[in-house]
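**Q** Below, each chain spelled out in residue letters.
There are 2 protein chains.
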Amino acid sequence: MIAPAISTMPLRRDPDAVAAVLRTLAARFGNRLVTSQAVREQHANTITWIENQPPDAVVFARSVEDVQAVVRLCAEHRVPVIPFGTGTSLEGHVNAPLGGVSIDLRDMNKVLAVHAEDLDCVVQPGVTRKALNQHLRDQGVFFPIDPGADASLGGMAATRCSGTNAVRYGTMKDNVLALKVVTASGELMTTARRAKKSSAGYDLTRLMVGSEGTLGVIVELTLKLAGIPEAISGGVCPFPSVEACCQAAIATIQSGIPVARIELLDALQVRAVNLHSKLGLRETPMLFLEFHGTEAGVAEQSERFGEIAAELGGGPFEWTTRAEDRTRLWEARHNAALANFALRPGSSMIATDVCVPISRLAQCVAETQRDIADSDLVAPIVGHVGDGNFHLTLLVNMSDPAEVARARQFNERLIERALALDGTCTGEHGVGQGKMKYLQAEHGAVAIEAMRAVKRALDPLDIMNPGKIVALS
Amino acid sequence: MIAPAISTMPLRRDPDAVAAVLRTLAARFGNRLVTSQAVREQHANTITWIENQPPDAVVFARSVEDVQAVVRLCAEHRVPVIPFGTGTSLEGHVNAPLGGVSIDLRDMNKVLAVHAEDLDCVVQPGVTRKALNQHLRDQGVFFPIDPGADASLGGMAATRCSGTNAVRYGTMKDNVLALKVVTASGELMTTARRAKKSSAGYDLTRLMVGSEGTLGVIVELTLKLAGIPEAISGGVCPFPSVEACCQAAIATIQSGIPVARIELLDALQVRAVNLHSKLGLRETPMLFLEFHGTEAGVAEQSERFGEIAAELGGGPFEWTTRAEDRTRLWEARHNAALANFALRPGSSMIATDVCVPISRLAQCVAETQRDIADSDLVAPIVGHVGDGNFHLTLLVNMSDPAEVARARQFNERLIERALALDGTCTGEHGVGQGKMKYLQAEHGAVAIEAMRAVKRALDPLDIMNPGKIVALS
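Note that the protein sequences, when read in sequence, are chains A and B.
The working numbering applies: residue 7 is where the first sequence begins, and numbers increase by one.
The working numbering applies: residue 7 is where the second sequence begins, and numbers increase by one.
Please note that a few of the clues may not be correct.
Which copy is meant is left open, so a pair is good if it fits within one copy or across any two.
What the hints assert, rightly or not - Derived pair list, reagent style EDC-like, types lysine to aspartate or glutamate, alpha-carbon separation capped at 16 angstroms: (1) Lys443 <-> Glu309; (2) Lys230 <-> Asp428; (3) Lys116 <-> Glu409; (4) Lys230 <-> Asp22; (5) Lys116 <-> Glu422; (6) Lys443 <-> Glu324; (7) Lys230 <-> Glu313; (8) Lys284 <-> Asp382; (9) Lys116 <-> Asp180; (10) Lys443 <-> Asp144; (11) Lys284 <-> Glu193; (12) Lys230 <-> Asp180; (13) Lys136 <-> Glu337; (14) Lys136 <-> Glu289; (15) Lys284 <-> Glu123; (16) Lys230 <-> Glu123; (17) Lys284 <-> Glu418; (18) Lys116 <-> Glu47.
Simulated from the structure, these hints should not be mistaken for laboratory data.
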């Protein structure tokens with residue numbers, strides 16, 4: 007059972023406790039326990055400017071029982087546990103500031119069941135989204151959440167991630183039906199049944215989605231699936247300004263066009279994509295779009311969007327239902343982050359994201375572009391504009407301390423700007439370590455204290471991914 | 007701040023504490039504090055066989071500060087607080103088994119803001135769904151959740167309700183962007199911003215949605231809105247069997263038809279509707295349907311559904327886009343519960359609901375119909391079959407103890423059947439008092455203990471609607 011006692015002692019590194027844990031883990035896991043520097047550092051990979059803080063060891067789990075054994079042992083010795091999927095998180099989620107044991111879930115990679123009639127499936131946490139869709143390819147269904155990276159589904163749930171399809175299909179919050187979670191005391195908890203909806207008690211599923219491993223380790227997911235649409239159309243549409251792109255997105259959503267993807271690229275991002283993917287696009291702000299439906303439906307949606315674009319001075323909207331042409335476009339969009347290296351070879355990429363009400367998006371993006379220019383930074387913008395969510399990739403010369411400082415100050419202003427516009431400090435990347443300091447400004451002290459109370463209630467020893475979201479120590 | 011101490015003393019009725027609370031409330035609220043037997047009983051209205059357990063007093067709150075004052079006073083004296091919307095809940099949610107103060111929120115009924123561009127609005131908790139849609143009528147947007155009753159939006163969020171439109175628009179879980187909640191210590195908590203999505207910390211919004219007043223009092227809601235569709239088509243379609251209805255629903259969902267409503271009525275329910283609404287429908291299992299989209303879109307959806315129905319031996323599917331004809335049909339559907347009185351005048355209506363994976367729905371409904379017959383009960387069925395959710399209205403002669411016992415035993419078997427099919431004991435009515443005893447069978451001991459831990463963390467004195475969902479005392 008979950009221990010009712012609340013520890014008042016802050017969690018501290020205890021070398022003796024770690025040594026005791028490692029001895030027991032070595033006996034159970036053999037060569038599935040790895041303590042080499044390289045593997046430990048790889049498991050603290052942050053893809054940001056947050057420093058690498060490696061765990062004391064990595065265990066490659068193969069079963070729920072493996073995870074339970076590690077968590078129970080760590081609870082006994084009060085040593086941190088850090089769940090690890092593919093390491094593609096962007097805010098230091100898998101760092102180990104207090105050391106501890108990283109549980110790598112990549113080998114728990116089985117699709118356990120597909121219920122096509124119910125539009126759901128049951129998977130282990132190490133299954134990646136591409137592997138799942140490969141598994142589903144002949145069954146008329148697909149898993150729609152697409153954050154770009156081929157992330158693990160456990161990690162995607164843990165960070166409440168979303169991506170390009172969210173405007174139509176929702177985020178992980180909307181697409182997880184139920185979870186199995188190893189609790190902080192090593193017990194196995196089931197959060198819900200497979201019914202599509204339920205009013206049976208507190209929504210433990212949604213409490214775990216986005217909890218970033220701080221309340222337990224996700225060891226099984228029941229996910230919603232979508233039917234593969236009969237037809238898909240897509241294309242790109244140039245606009246005279248970022249504002250016009252945003253106005254087109256608003257008008258599209260408001261007029262009820264069920265757009266599946268509506269992605270903003272600013273002119274600099276288009277240039278990067280051109281350099282990388284040789285697309286030859288006009289280097290002006292642009293929307294990438296996709297529509298899902300029947301043959302007649304996607305044609306109607308595409309035509310209507312074209313009319314909206316024309317009214318706002320954009321276009322022409324060139325669209326196609328040919329799969330190979332669409333694939334080329336979306337590969338270019340997905341490679342946008344990678345493409346940015348072409349803009350400034352040798353620089354490091356710092357990713358950040360904010361989300362605002364869509365009516366504030368044009369203002370927020372325009373002010374941000376001016377800020378980038380004023381700050382003498384290179385930072386192309388891509389946005390999931392149907393949701394009011396956009397990303398910046400800061401291309402920073404990390405050996406120039408003044409530039410690093412400017413970039414960090416810029417990021418602070420970006421978040422302040424989003425919050426001032428009734429937005430959030432992160433639309434989909436999560437809190438990790440990088441966004442912790444903004445949470446109180448976003449939610450207020452009462453909500454943060456409620457989050458701490460929940461954390462203490464479900465992880466009284468503070469061993470589950472400590473130092474992320476809200477710090478108890 | 008939320009008190010960190012966990013009380014180990016069970017909550018008990020304390021007449022001195024209640025008297026002290028009532029004295030202070032009388033001084034502050036004057037004639038907005040009511041202690042008459044009739045008003046107290048009305049505020050414990052259960053619409054079920056659960057006995058009426060009136061609160062000690064009712065306060066009619068007009069502001070957030072009013073609610074905070076009541077909760078603070080009740081916390082000081084450890085007296086229960088029961089939030090009250092319209093009293094249309096069905097599982098004893100507003101009963102006061104330990105007495106206490108019912109906070110009636112009907113006078114907090116202002117629409118505070120409508121952001122049509124962002125498809126959201128901000129409302130006080132006493133606004134009902136019909137009042138909100140009346141307010142929105144000229145703005146091209148509407149609030150789609152429709153549980154039948156003209157419930158308050160605060161109550162709808164508190165019970166995680168849904169209804170006929172959920173198959174397309176989701177439940178309250180999906181349509182609440184943010185809440186303001188008076189916590190158990192009387193502080194005001196904001197759960198989220200107005201951004202359409204966020205990964206910024208634990209999902210306090212979803213934790214509060216469905217918490218039935220046991221974690222705090224909802225005093226403000228930011229809700230998603232939907233664009234009013236350009237065209238709506240609807241109609242009824244007869245089928246030879248309940249199974250054929252369910253198969254048609256599965257095929258409709260699976261083929262990606264974005265049906266807005268797909269409602270099953272069994273033959274007995276059709277008879278009741280005919281008696282009440284004089285519709286002259288064939289008394290056979292039937293689907294009521296509605297499609298939202300463009301003119302061309304709803305025609306295409308309607309035609310496709312008609313083909314599916316014909317393949318399954320159903321039809322003809324007669325559909326129309328004429329508003330007056332659709333309205334007549336849906337009024338009849340909404341009056342289905344009321345119509346049931348015509349089947350057995352003088353009986354009491356006991357409502358219950360379960361939800362199963364849609365692939366199990368036909369089996370669950372068919373077995374349930376046999377059980378009704380074997381139990382010598384009268385119980386028409388309506389179902390939100392796109393979600394796998396269905397309701398029974400048990401028409402019970404409450405003066406016949408043997409019949410009451412048969413009805414209760416039947417309800418137990420219904421829930422066991424739903425759970426055995428991987429379903430839930432309540433799809434949308436909530437737990438209240440009536441479904442508490444099934445929660446552990448549904449979720450398991452570890453999850454129930456996690457719910458208790460969350461309850462203790464956020465309501466350490468156990469004053470918020472005690473004796474509902476999970477009992478601490």
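**Q** All the hints need checking, so say for each whether the structure fits it.
**A** Outcome of the hint check:
no.: 1; hint: Lys443 <-> Glu309; verdict: neither (45 angstroms within a copy, 55 angstroms between copies)
no.: 2; hint: Lys230 <-> Asp428; verdict: between (30 angstroms within a copy, 15 angstroms between copies)
no.: 3; hint: Lys116 <-> Glu409; verdict: neither (45 angstroms within a copy, 50 angstroms between copies)
no.: 4; hint: Lys230 <-> Asp22; verdict: neither (44 angstroms within a copy, 52 angstroms between copies)
no.: 5; hint: Lys116 <-> Glu422; verdict: neither (42 angstroms within a copy, 30 angstroms between copies)
no.: 6; hint: Lys443 <-> Glu324; verdict: neither (44 angstroms within a copy, 59 angstroms between copies)
no.: 7; hint: Lys230 <-> Glu313; verdict: neither (34 angstroms within a copy, 26 angstroms between copies)
no.: 8; hint: Lys284 <-> Asp382; verdict: neither (27 angstroms within a copy, 74 angstroms between copies)
no.: 9; hint: Lys116 <-> Asp180; verdict: neither (22 angstroms within a copy, 29 angstroms between copies)
no.: 10; hint: Lys443 <-> Asp144; verdict: neither (46 angstroms within a copy, 42 angstroms between copies)
no.: 11; hint: Lys284 <-> Glu193; verdict: neither (52 angstroms within a copy, 57 angstroms between copies)
no.: 12; hint: Lys230 <-> Asp180; verdict: both (8 angstroms within a copy, 14 angstroms between copies)
no.: 13; hint: Lys136 <-> Glu337; verdict: within (14 angstroms within a copy, 46 angstroms between copies)
no.: 14; hint: Lys136 <-> Glu289; verdict: neither (31 angstroms within a copy, 49 angstroms between copies)
no.: 15; hint: Lys284 <-> Glu123; verdict: neither (42 angstroms within a copy, 36 angstroms between copies)
no.: 16; hint: Lys230 <-> Glu123; verdict: within (11 angstroms within a copy, 29 angstroms between copies)
no.: 17; hint: Lys284 <-> Glu418; verdict: neither (34 angstroms within a copy, 65 angstroms between copies)
no.: 18; hint: Lys116 <-> Glu47; verdict: neither (26 angstroms within a copy, 55 angstroms between copies)
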